[in-house]
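Each chain, letter by letter, is given below.
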Amino acid sequence: MTQTAPADPAMMDGAFDPLHSELRIQALTRPSLSYWQDAWKRLKANKRAILSLYIIIAMLLFTALGPQVWRVNPAEQDLLQISSPPGADRSAILVAPYVPWAVEEAPTPVTQSDAPDGTQTPAVVTAPAADAGLELVGTATTQMVRLKWNAMPGAADYAVYRNIIPAKGPGTYGLPLGNTDSAEVTRFEDLLDLRAGTTYYSVVPVDQTGAEMPQSINLKVDVVNSITMEEARARRLLKDGETPELGSTVNFALHPMGTDYLGRDMLARLMQGARVSLFIGIVAPLLFVMFGVVYGSMAGFIGGKVDQLMMRFADFVVALPFLLFMILFKIAFGIGPGESGIMPLIVAMVILLWPSTARLVRGQILQVREEAYVNAARLLGARTGYLVMRHMIPNTMGVILVTLTFAIPSAIFTEAFLSFIGMGVAAPTASWGSMSNDGIKTMLTHPHELFFPALMISITVLAFNLLGDGLRDALDAKMRSRE
Amino acid sequence: MAALSMAAGGSDVKNGVDPASKTITISIEQEPPNLDGSLTADTISGFVLGHVMEGLLRLDQNNQLAPGVAEKWEIGETEATFWLRKDARWNDGKPVTAHDFVFAWRRTVDPASASEYANIMSPIRNADEINTGKMPVSSLGVEAIGDRILKVHFVKPVPYFAQLTAFNVFFPIREDFFKSTNGRYASGAETLAYNGPFKITKWVHGAHLTMQKNEQYWGRDRIKINTIDIPYFTTDPSARINLFRDGKIALTPVAQENLEEAQMLGWNIKSFRDGGVFYVEFNHREGRIGGNKNFRKAIQYALSSSVEVNKVIKVPGYLPGKSLFPVWLDGVDDKLRKEYPAPEYTPDTAKAREYLELAKKDLGLKTIPPIMLLSGDTPLSNRIAEYYQDTLKRQLGLDVRIDSQIFKQRLAKMLAGEFDIVMTGWGPDYADPLTFGDLFMTGNVNNRGHYSNPAYDRQLKIAQNSNNPAERMAAFGAIQKIVFDEAVILPEYERALLYAVDPEMKGVVRRVFGADPDYSYVTIAED
Numbered sequence: 001m002t003q004t005a006p007a008d009p010a011m012m013d014g015a016f017d018p019l020h021s022e023l024r025i026q027a028l029t030r031p032s033l034s035y036w037q038d039a040w041k042r043l044k045a046n047k048r049a050i051l052s053l054y055i056i057i058a059m060l061l062f063t064a065l066g067p068q069v070w071r072v073n074p075a076e077q078d079l080l081q082i083s084s085p086p087g088a089d090r091s092a093i094l095v096a097p098y099v100p101w102a103v104e105e106a107p108t109p110v111t112q113s114d115a116p117d118g119t120q121t122p123a124v125v126t127a128p129a130a131d132a133g134l135e136l137v138g139t140a141t142t143q144m145v146r147l148k149w150n151a152m153p154g155a156a157d158y159a160v161y162r163n164i165i166p167a168k169g170p171g172t173y174g175l176p177l178g179n180t181d182s183a184e185v186t187r188f189e190d191l192l193d194l195r196a197g198t199t200y201y202s203v204v205p206v207d208q209t210g211a212e213m214p215q216s217i218n219l220k221v222d223v224v225n226s227i228t229m230e231e232a233r234a235r236r237l238l239k240d241g242e243t244p245e246l247g248s249t250v251n252f253a254l255h256p257m258g259t260d261y262l263g264r265d266m267l268a269r270l271m272q273g274a275r276v277s278l279f280i281g282i283v284a285p286l287l288f289v290m291f292g293v294v295y296g297s298m299a300g301f302i303g304g305k306v307d308q309l310m311m312r313f314a315d316f317v318v319a320l321p322f323l324l325f326m327i328l329f330k331i332a333f334g335i336g337p338g339e340s341g342i343m344p345l346i347v348a349m350v351i352l353l354w355p356s357t358a359r360l361v362r363g364q365i366l367q368v369r370e371e372a373y374v375n376a377a378r379l380l381g382a383r384t385g386y387l388v389m390r391h392m393i394p395n396t397m398g399v400i401l402v403t404l405t406f407a408i409p410s411a412i413f414t415e416a417f418l419s420f421i422g423m424g425v426a427a428p429t430a431s432w433g434s435m436s437n438d439g440i441k442t443m444l445t446h447p448h449e450l451f452f453p454a455l456m457i458s459i460t461v462l463a464f465n466l467l468g469d470g471l472r473d474a475l476d477a478k479m480r481s482r483e
Numbered sequence: 001m002a003a004l005s006m007a008a009g010g011s012d013v014k015n016g017v018d019p020a021s022k023t024i025t026i027s028i029e030q031e032p033p034n035l036d037g038s039l040t041a042d043t044i045s046g047f048v049l050g051h052v053m054e055g056l057l058r059l060d061q062n063n064q065l066a067p068g069v070a071e072k073w074e075i076g077e078t079e080a081t082f083w084l085r086k087d088a089r090w091n092d093g094k095p096v097t098a099h100d101f102v103f104a105w106r107r108t109v110d111p112a113s114a115s116e117y118a119n120i121m122s123p124i125r126n127a128d129e130i131n132t133g134k135m136p137v138s139s140l141g142v143e144a145i146g147d148r149i150l151k152v153h154f155v156k157p158v159p160y161f162a163q164l165t166a167f168n169v170f171f172p173i174r175e176d177f178f179k180s181t182n183g184r185y186a187s188g189a190e191t192l193a194y195n196g197p198f199k200i201t202k203w204v205h206g207a208h209l210t211m212q213k214n215e216q217y218w219g220r221d222r223i224k225i226n227t228i229d230i231p232y233f234t235t236d237p238s239a240r241i242n243l244f245r246d247g248k249i250a251l252t253p254v255a256q257e258n259l260e261e262a263q264m265l266g267w268n269i270k271s272f273r274d275g276g277v278f279y280v281e282f283n284h285r286e287g288r289i290g291g292n293k294n295f296r297k298a299i300q301y302a303l304s305s306s307v308e309v310n311k312v313i314k315v316p317g318y319l320p321g322k323s324l325f326p327v328w329l330d331g332v333d334d335k336l337r338k339e340y341p342a343p344e345y346t347p348d349t350a351k352a353r354e355y356l357e358l359a360k361k362d363l364g365l366k367t368i369p370p371i372m373l374l375s376g377d378t379p380l381s382n383r384i385a386e387y388y389q390d391t392l393k394r395q396l397g398l399d400v401r402i403d404s405q406i407f408k409q410r411l412a413k414m415l416a417g418e419f420d421i422v423m424t425g426w427g428p429d430y431a432d433p434l435t436f437g438d439l440f441m442t443g444n445v446n447n448r449g450h451y452s453n454p455a456y457d458r459q460l461k462i463a464q465n466s467n468n469p470a471e472r473m474a475a476f477g478a479i480q481k482i483v484f485d486e487a488v489i490l491p492e493y494e495r496a497l498l499y500a501v502d503p504e505m506k507g508v509v510r511r512v513f514g515a516d517p518d519y520s521y522v523t524i525a526e527d
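Protein chains in written order, with our numbering: chain S, 1 to 483; chain R, 1 to 527.
None of these hints come from the bench; they were simulated from the model.
All residues carry an ideal CB built from backbone N, CA and C; glycine is no exception.
Hints should not be assumed to be uniformly reliable.
[Said to hold, decoys possible] Covered stretches of chain R, as calculated for chain S (at least 3 residues, CB under 8 Å):
hint, region
1, 268-277
2, 300-312
3, 381-392
For reference, chain R alone in the conformation it holds in the complex (with noise of 0.2 Å):
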């Protein structure tokens, strides 16, 4: 076997998609960091993970929820309840028990073992309590009854909790094999335990990684692919571009600079929607600009979202920012924003102006001081902020500088308020419209500007605490209204990514949560 893929390795016969041995090769950014699902957060080890792992529930490919290890399961107020299915293995044959769950998820929440994602237990009984070390891991709100029932207490109404389970923090880590890895659990491919849809058989610590179909999932009839192998750990845009060109990966990105080739070549080019929203966010400390309702007006009619995709972005499939909402995120019935359209209004360079006069009278300012832009150091956000630049300029008058900062540093500034504008974004915890509403709430560490507004808070305590959907969403409608009248942010745009793939592969479905790509549902074309 090992002389084989040498050899395979060596010619020029592995290909992207190979419909013989049923095996597709791509190529991730690196090496996934960790692989203990218990503590791990990044895109890349959730990426690995989702293949390799289950919890109680799964995304399907229309990333709709799914029976994952649990076949049924109901969720209440203060309890959600899951029963499990009795053909659940590990890949050594043994069930996945509710034990299994129980224990992983004390782990989680147990300060000793300090998961940077703890605080996604927090709903559940006592999860706060026990991170914090007041109280024993054992008295987290979790009870297995028998080996096929679960039982979760909450603290409170947590709507989207059946998502959660879904996610990597949730999966199950069976507590013999753990204990049997004296410490080195994750640590490769034979210290895991896979009770997903592929598990690892080889692992080279930053250079191959290969997965296989993992014959004891219970699913396993759904699996249309053998291997998954990812011989390539690169970061670097164009080598994945120069490896797909060769017809050596099965997908890769492609960014706006490559468009026109990609056009030229006949790529299969597709678009998704990551599921973030970007904004310009105005700091709203005391001695800055930005607390100036009048100046903020001024710069969201001078600005438009609308150019800035189509002439400056230029990349297909990003949506021109109209809310702090994106337009995935579920209402009552429909979309919120079908039911909550987002307030329209056109650029006008007329009224801007009126609205900077009424800042400088405000401020009792003959002219506006240079405004600092914190942006970040991508190519892309270079381009922003110098069309901002010379748009604020030509406009309004306004001397803009630009403080282009890697992405640490942008975030160190923000946190420390060094900025009048910041070019920033926020990516959904959770599919509900809370993970994005709550984000200015007054003494919400994620208000990097500081922003405080009674109304706002109103809202959101009525969106928070209540159980009933039409309520919640009127809630998240009126929110949305208070940051356009306020221009708390100016929303930029909803991010797409671009990326081809090899013809002959169908089925990678891209998510906003849990594993994405995920190659679970692939199909090798037969010709």
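Okay, chain S solo, but in the shape it has when bound (with noise of 0.2 Å):
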């Protein structure tokens, strides 16, 4: 068998004849460029990567420096401006401070009209009942609305609704603002969330059983925004020493982003809330994932019993209930009710979340150990600080990334989630997860308060996402030359 073997060519004639010296490599070169150099030439040319990148750093400067611009204290109120959209009517009326409403006169009698003492704006009597008189008694203003009527035979009280859209008869009156409680009391103030702009009105006579009677009197009111001269100054809507008339035109406190339900200024919540959700956002995942990567190229590298031992370890870590150790630190921390609660957040994160890293890290390197190229270098006398930071880490690169862009998303819907339960940020502070809370409520009415930080919290999620897609397609390795 082995005659007929073929002889080794070294044995063969002109084995050791030199090489012709013509025969000459082709020079086929090009700059020599960096692992970094060569991810980051290919990162721009991803489109969709770099504009992910500028997004996430524009949100970064907006957390950063926005506050620095924006100078609003996120935790003030301006019950004058509750919820209010964007671009809403900012002008208000000066107004002399509220005092009750004084009795001053007898009960108007049924036969005669009181003339309008100096009403400005026009009271409109949609539908006149006969001699029914129903009129506004000054202004129509957001700090009130004064009504009074004449009174109406057979009415034992009166019944005040308030509506948007005027009222079509019986029964869709609606806001029921309260009764006089009296035949006599034929007034009514009402003090109730008033906005600018035009509301309908009806007084409906109740009879004597408690029976609301078929007529009614309505009166259609614009109501204009007002301001005291007191309020004005205390929210530095005035030069210092102005004094203008009563009746003037001064301008509500600017909010281009609205208000939310307590009439704090939206933009200068979403800088805060950002500061909060990015920090754990990005923070958490950051610490998990590199606690992740060492641990899982660490089991993964060593190999055999370590290597068992070290993954067994992480299963049980991944059994322990995420929920029940962030109560737990949160008590460990001593942290009591109404603080915030993000450091014992970040620490439960960082302990619990690093397994599902350590797997895919793990896994990844026990593939690229065995392969022929590690093996070459091993070989050749590469030492293992060598290979880790050559073949290891850049071939797992990729995996990494991947983890780390779902991890920020999810970290921030983590932050959310508790804000929700109430064991993330304490109030007055902020966080997007805590505003959209807040806003769901209202998503009706005023959409504003649940769209702005929904939207960051979706352009910062789908940017994380871009971005580490197309990292993981520049730092891959594997696709190094294939441009």
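Both chains are given apart, each in its own frame, so use the hints to dock them into the complex.
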């Protein structure tokens, strides 16, 4: 058998002849690019990723520099502008401070009608009942709307309603503001949540038995924004020393993105919220992914019994309930009610969420470890450190970045969830999650309160995802020479 | 019948109000937890029981006392007598007798039945002794003289006893029927005997409850509807709003968030004050800052209940709080709050700051440490708590930490005194100012802040022991003044509930006490 085997090439004739000198390797060179330079070059070619990167940088600037530019206290409540949408009318008239409506005269007789006392706003009676005389007293402002009417025969009491559309007969009068509880009282003062714009008042007489009578008197009222001198000064809406007359116009404080349900500035709150959300969203995943990478690569690289032991420990950590530990840490940190729970949140995330990264990285390392080029490098005398830095990490970078990009949005969501159940940020500090949670209650009436924080979360999460996608492609060593 | 209702349920025929079959359909929050009237105290069971049972007296459509099983009654200082009507019958046709009341009331105080509302019977002779096991059940101060006279003996005068007899704990239970259920009393539609305007004809646990007119009821002529159908048990407010929008139910609570939509849809919105008073209570315990009067006055002058109601709560019908006593309580001849008006004051930042400086001096503090504000976990209480936090920060520079807790936990923390100030409230047990007045008595378990003031206790003793209305009301007037002067509590608001009603359904009665809402006076509009 050995006789018929082909002869060793080294033993063949001419095997020891020198190479022909004219045989030259073709010079195919390019500028030497380091791994990172190459990655950056390919990332730049990915338009989506670059756009996402810009968005993330913009978001970071918004968080870091925004509060320096937009110096509005995010916790300050402006009860004059509750839930006002962006671009709402800000002009308001100056009014005297509120004083209770004093009973200054005898009840108006049925036949006699009072002249309107200096009413600036035209009071339009839309459905005039016979000498019902429902009219405004003074100007209808967001401070108060005062109505009076003439006594109606048979009425023992009057029910006053307010509506945003004209009433279409009994049962459709709108909000039941209250009753006068007496036949003598033929006036009503409305202070409840008044907003600038047109509203419709209805006064319905109530008979002796407490039933509402079928007729009603209605009045269309145009309510204007108002502010007292004191409030205007306290909110620095007037220049120093300026004392305009009552009735002149001032502008409310500007809220470019509107205000929330307590009149707090949405823009300032979004900036503050970004600080919390991005801090948790970036710091926590970075820490636990980093730990997971170190842990996983150690387990994968060393292998054997150590690997088994380390990964069983990781399995054990996976089994620990996150929420329970979050609560335990909160207590262990001595964080009482009403204090921010951000530190225990980050600690709980780092301690409990690393195993998934560790598992992925270990799997990757196990695979790469057996590759031929690793063995070759090892044969050539490469040290462990070189192997890890040169071969292992670049080849697992894709997996690490995917984990990271998924971890960031999920961390932002976790923070939102915990703020929702009262374990995250404490009032009045805002986070995007808690703002969304507050905004969802008034989604139909004041959509901007939900829209802006939700938009911020969406944009941030999308940007991180797209950037991560681009980074994975750019950093993947296997795709290196494919341009 | 079953097939018919199935078909109706499947198609869209079924409406919230059905004039043809005189049926109204409504929803309740949950399955009635316990329909055993002697033992239960929750509002949903009380709602169902109020429709299917009747006590000695009942409340009419104007919330006035009216004859129920008793056609005549006399209430004295030491005893009360009730004469039962001849035509009061159980749904199987047997008459309701005085023995049925004696049996039911003895059961309530019997320690073996462990009724959580046994203490409401304590004005009756020996009730407390029986409940603590010191005396036999048969010694309860209530006796049947023949079938139609019931006599009750009191330990002390109870001006509000007539009111109590309309409450489900005082409803009758028939002994022979109770025994025939073999301990399964009130577990289903068949194991309850009904003497009220309606009877339960169908009770699928957790899913469906139907009440139909009780033809044996003595006042059947006044009942104008045949069926109250309850096929929806849900606590989800938006589910109920949606059911109402689709015309599936005849009444729904309306939340502040839905008001704009409700106006646009032209709903018939009503508001009803449930009688409860909500207030901020201080912790007067040793070492807590709430014990300092100047501190309390500072908070009092910094906060405005009017702004809170009009700008933060924004629900029509809420009344800005001015007093411990709500407006609906009766005084001697008129309402208590008309005879003894609540002290008027205007919130004043400058004054509040002065008081705070005094408080700092008293306490020897340069700055006040952060204040723990205990609040509920509903969106509304969070909103109010944040309003307080900002107001106190801006006006007084105080740091407020909000501790928002679920109801049970909040009660536990209040009991343990783990708060500086707490947002809480009190719903009345009976229609007398005493139900609010005794809250801040030294040693009352419901006095969570451990407030103690001999002057307060002195006035309260007068109100508790006197039978002279003028003297009692004067005492309550004095208590009202002490509460303001000492800033024992800061009244926030008197609560209102908003609801929308199908315009075809008329005559729904809302009540502070008893079955709420009461559908037994409902008429369906003809069209």
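Checked hints:
{"no.": "1", "hint": "268-277", "result": "holds (count 4)"}
{"no.": "2", "hint": "300-312", "result": "holds (count 6)"}
{"no.": "3", "hint": "381-392", "result": "holds (count 8)"}
Comparing the model with each numbered hint stated earlier shows that all of them hold.
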